[in-house]
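The task is simple: from the sequences and hints, build the whole structure.
Residue numbers (the UniProt record's numbering), protein chains in the order written: chain A, 1 to 553; chain B, 1 to 328.
Among the clues, some could well be false.
[As the list claims (entries may be wrong)] Subject to a maximum C-alpha distance of 27 Å in a straight line, what follows is the list of computed DSSO-like cross-link-like pairs (lysine-lysine):
id: 1; chain 1: B; residue 1: 98; chain 2: B; residue 2: 80
id: 2; chain 1: B; residue 1: 15; chain 2: A; residue 2: 20
id: 3; chain 1: A; residue 1: 469; chain 2: B; residue 2: 108
id: 4; chain 1: B; residue 1: 78; chain 2: A; residue 2: 473
id: 5; chain 1: B; residue 1: 111; chain 2: B; residue 2: 98
id: 6; chain 1: B; residue 1: 78; chain 2: A; residue 2: 469
id: 7; chain 1: B; residue 1: 282; chain 2: B; residue 2: 72
id: 8; chain 1: B; residue 1: 111; chain 2: B; residue 2: 80
id: 9; chain 1: A; residue 1: 469; chain 2: B; residue 2: 98
id: 10; chain 1: A; residue 1: 374; chain 2: B; residue 2: 71
id: 11; chain 1: B; residue 1: 13; chain 2: A; residue 2: 374
id: 12; chain 1: B; residue 1: 98; chain 2: B; residue 2: 110
id: 13; chain 1: B; residue 1: 71; chain 2: B; residue 2: 211
id: 14; chain 1: B; residue 1: 128; chain 2: A; residue 2: 473
id: 15; chain 1: B; residue 1: 15; chain 2: A; residue 2: 374
id: 16; chain 1: A; residue 1: 371; chain 2: B; residue 2: 13
[Claimed, not checked] Pair ranges (Cβ atoms, derived):
id: 17; chain 1: B; residue 1: 151; chain 2: A; residue 2: 14; range: 30 to 40 Å
id: 18; chain 1: B; residue 1: 105; chain 2: A; residue 2: 42; range: 41 to 51 Å
id: 19; chain 1: A; residue 1: 427; chain 2: B; residue 2: 71; range: 38 to 48 Å
id: 20; chain 1: B; residue 1: 61; chain 2: A; residue 2: 412; range: 55 to 65 Å
id: 21; chain 1: B; residue 1: 162; chain 2: A; residue 2: 173; range: 31 to 41 Å
id: 22; chain 1: B; residue 1: 72; chain 2: A; residue 2: 52; range: 47 to 57 Å
id: 23; chain 1: B; residue 1: 135; chain 2: A; residue 2: 173; range: 31 to 41 Å
id: 24; chain 1: B; residue 1: 243; chain 2: A; residue 2: 14; range: 28 to 38 Å
id: 25; chain 1: A; residue 1: 106; chain 2: B; residue 2: 232; range: 33 to 43 Å
id: 26; chain 1: A; residue 1: 292; chain 2: B; residue 2: 162; range: 17 to 27 Å
Calculated directly from the structure, the hints in this document are not laboratory data.
C-beta atoms are modelled at their ideal positions from N, C-alpha and C, and glycine is treated no differently.
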Amino acid sequence: MKPAGSNEVFSIKSRLRRLKRDTNRWSILTLAIVLFIALPVIAIAVKLLEGPGETWWHLVDNLLADYIGNSVFLIFGCSILVLIMGVGCAWLVARFEFPFRKQLEWLLILPLAIPSYIVAYAYAGVFDYGGSLNLILRFLDFEFIRIDIMNKFGLAFVLSISLFPYVYVSSRAFFLNQAGNLLEASTMLGVGEFKSFFKLMLPLARPAIVAGLVLVLMEVLNDYGAAQYFGVNTFTTGIFRAWFSLEEPETAVYLSALLISMVFALILFEKWQRRNMQVTGNKASRHIHRKVGAPLMQWFRFFLVLIPVLLGFLIPVAQLIYWAFLTAHKVFDLNFILLSLQSFGIALITAIVTVLFATLLIYFAKWSSVKGIKSISKLGILGYAIPGAVVAIGIMIPTLTFDKWFINIMDTVFGIETGFLINGTLVALVYAYSVRFLAVAYNPIESTALKVSDSIPDSSKMLGVGNFKTFFKIEFPLIKTGILSAIILVFIDVLKELPLTLILKPFHINTLAVKAFEYASDEMVMEAAIPSLFIIFTATIPVIFLNRLLIKE
Amino acid sequence: MLSINSISKSFDKGKNFALKDVSFQVKEGAVCAIVGESGSGKTTLIRLIAGLERPDAGSIVLRGKELSSVKKLVAPEKRKIGLVFQEYALFPHFDLLKNVSYGISNLKNKKQRALEMLDLVGLSGLEKRYPHQLSGGQQQRVALARALAPNPSLLILDEPFSNLDAMLRMQLRNQVFEIIKKTGVTAIFVTHDTQDALSVADEILILQNGKVIQKDQASNLYTKPNSVYVASLFGNTIQLNQELQTAFDCPLNADCCHAIRNESLSINKECEYVTHARVLKKTFMGNTTHLLLKLDNGHQISVVTQDDNVADHIKIGFNSTDVLEFAT
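Here it is, written out as structure tokens:
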């Protein structure tokens, strides 16, 4: 046999021959799932080619500057606020010991359980002319004050206090796991507390902080409910107006494309800022030894950390509970219970479907032997970056085309009159949720799957057992907790989701989020309290449960 | 018989080859050791045989059936090859009985066979235990029982003793290969320890930088290594360069490379080639003593001796029969 030279082994011809050998059904199935998930974005890209709608140029002249201006304002305003609150609190709880620190550490996560639009409704009630703040002031015999928060400043405030935990969580994880040794080294070199923080900790934590910040900004650009309620023109409200009021899909598509570009600019920024940072790796550092300090300073730190918890969770919840008592007799009835069950049911179905897709994507990519397939499979989780309203429109376009084609075929070929098969049904809604929340399910499953050493499933295969049976007998039992966390996380996200649901929900079906939105839009914001509280409590319980589960692991 | 034909594998599209044009055969029932440093490609080689990696060129044939080539691949689960992983890879959520019976396809006497295998490796009575309740040596034996249970055509062991401490290692090495000999299965094992290879293998294959350097019976490798590298794998050697040849006054064939094993050097004895040396430094190592010597011509060499009581000035020499000769 003649020896194989490197040129010959890696000639295009032999590469293609090996590609043919290595392509298996898993490679093709992985591509199919990625394509399925990417379809909305592809649909929008194709629709762009058809040109803008009639009102597009009018919109460019009159409104676009407003959309861009407001979005940029929100990006900068929210960045400043969430950085101060998120990084500040993370540093305080990681570096110092003070009363109720442990409780505050997890209370700081809870604002994530309240969707931004509900925080917006609650604060409208707090700062209203006859609202809670003035009731309290009058009770204490103070002057009335008039604070108008129904504007872009108020919106930035509301979005920031409901989203800062993303930055808090990512920077706290860094401070707790990576910073201990470095901080001790810095102290040993005689560097003071302030200088250590600003010169050493902040630059090192930057990738973690920015990763959290980008998540916040994606949510800011995704928001529809709060902006609509406060009357601020943003890209999402623009998309809704183009779609529903102007009935111009082309214009909605152009706005969507602009919005997606903004999000991808954010993602590129995140990648760029990480370019020279060496990943510190998993090597856990020693925990920071917490400083105790004088009692007065301890209480001062306690109050500092308490402020975001109060603003982001306790005050809005208190306001909603107060409203709930006032409106319970009107809102709480059999219909409401049915509505809640519907909402939970949809969230549960979606959670299971999404987790199934995520698991298949992870394992199909693993079983595929073509190297490129693994990188391509990662594209499947980009749906999280795409705002809900855009996903919804991206799904409407191809499914409408399909449904029209299907009705036509059924009519002409079989003579049967049918309705829409996908549009306006649960199928379209669950599909859209899966596209958007695939990453939410993907991450916990992948991280537990990575903990199972490859040699475990490989041993099973060497013992003559195929991929599927190996998965059910060996891998599934070992990644159960990851799958359970994924189901819970998707369930919560679906329950809170508003813009996508508004566009795609079937006519006769309603969710808690949509109900709260409808009440608020119909000048009955007090009545929105009960559905809102339902969402908050169902979101809070799993967060605590999940926290326990992760601690136990 | 297992035959590996011109196998090549690169992980970076041909810039570097983990294995380049590797060919060899292992006879039915033989135990073959693959020896190499880390990075020599030995793990890649067995993963290719197992089907966990895919070759870029060449083919692998087991008992007349082609398992891997550039056109065709038999899935790992259809190869009937038993593989014992370095870290054992026992299923943590199964007890020993379930672990061992997992790969047995014959449903009828599945349990009986598993119990027999546990008995064979000396672990009967522990079938209800879970892997985390076992010592490292016991886990190793469970992994062996599990791999042997489906009656594989070939057994591969990846660094089987590297996770064990020295005492346990010797004991287990003998046990494991007694079991393997008893079952008569063809076996390949990978190691970086030549002691492992010499003590249990019928044949040894030396890999360096992805290439086969030498393949031979264990005793031949020791007495007739074909390179300085192979010679040095089986004990300390001193290369006899031109300077040393002059010092010992032993003119050797200038077209070849020569070396002498450390243990062939004798101190204060009559030999064919002798020179005087001064002891610069003695390092006591327990059962041996390391000497750093300065020869008359100023050249320094280090020598290992059993004698811990050598004088400061000694005579050192060797015989021509002990000189190893290699083609350059």
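Consistency of the hints with the structure:
{"no.": "1", "hint": "98(B) <-> 80(B)", "result": "holds (19 Å)"}
{"no.": "2", "hint": "15(B) <-> 20(A)", "result": "holds (22 Å)"}
{"no.": "3", "hint": "469(A) <-> 108(B)", "result": "holds (20 Å)"}
{"no.": "4", "hint": "78(B) <-> 473(A)", "result": "holds (18 Å)"}
{"no.": "5", "hint": "111(B) <-> 98(B)", "result": "holds (9 Å)"}
{"no.": "6", "hint": "78(B) <-> 469(A)", "result": "holds (14 Å)"}
{"no.": "7", "hint": "282(B) <-> 72(B)", "result": "violated (60 Å)"}
{"no.": "8", "hint": "111(B) <-> 80(B)", "result": "holds (20 Å)"}
{"no.": "9", "hint": "469(A) <-> 98(B)", "result": "holds (15 Å)"}
{"no.": "10", "hint": "374(A) <-> 71(B)", "result": "holds (22 Å)"}
{"no.": "11", "hint": "13(B) <-> 374(A)", "result": "holds (17 Å)"}
{"no.": "12", "hint": "98(B) <-> 110(B)", "result": "holds (10 Å)"}
{"no.": "13", "hint": "71(B) <-> 211(B)", "result": "holds (23 Å)"}
{"no.": "14", "hint": "128(B) <-> 473(A)", "result": "holds (18 Å)"}
{"no.": "15", "hint": "15(B) <-> 374(A)", "result": "holds (22 Å)"}
{"no.": "16", "hint": "371(A) <-> 13(B)", "result": "holds (11 Å)"}
{"no.": "17", "hint": "151(B) <-> 14(A): 30 to 40 Å", "result": "holds (36 Å)"}
{"no.": "18", "hint": "105(B) <-> 42(A): 41 to 51 Å", "result": "holds (45 Å)"}
{"no.": "19", "hint": "427(A) <-> 71(B): 38 to 48 Å", "result": "holds (42 Å)"}
{"no.": "20", "hint": "61(B) <-> 412(A): 55 to 65 Å", "result": "holds (58 Å)"}
{"no.": "21", "hint": "162(B) <-> 173(A): 31 to 41 Å", "result": "holds (34 Å)"}
{"no.": "22", "hint": "72(B) <-> 52(A): 47 to 57 Å", "result": "holds (54 Å)"}
{"no.": "23", "hint": "135(B) <-> 173(A): 31 to 41 Å", "result": "holds (36 Å)"}
{"no.": "24", "hint": "243(B) <-> 14(A): 28 to 38 Å", "result": "violated (49 Å)"}
{"no.": "25", "hint": "106(A) <-> 232(B): 33 to 43 Å", "result": "violated (60 Å)"}
{"no.": "26", "hint": "292(A) <-> 162(B): 17 to 27 Å", "result": "violated (47 Å)"}
In the structure shown, a violation is registered for the earlier hints numbered 7, 24, 25, 26, in ascending order.
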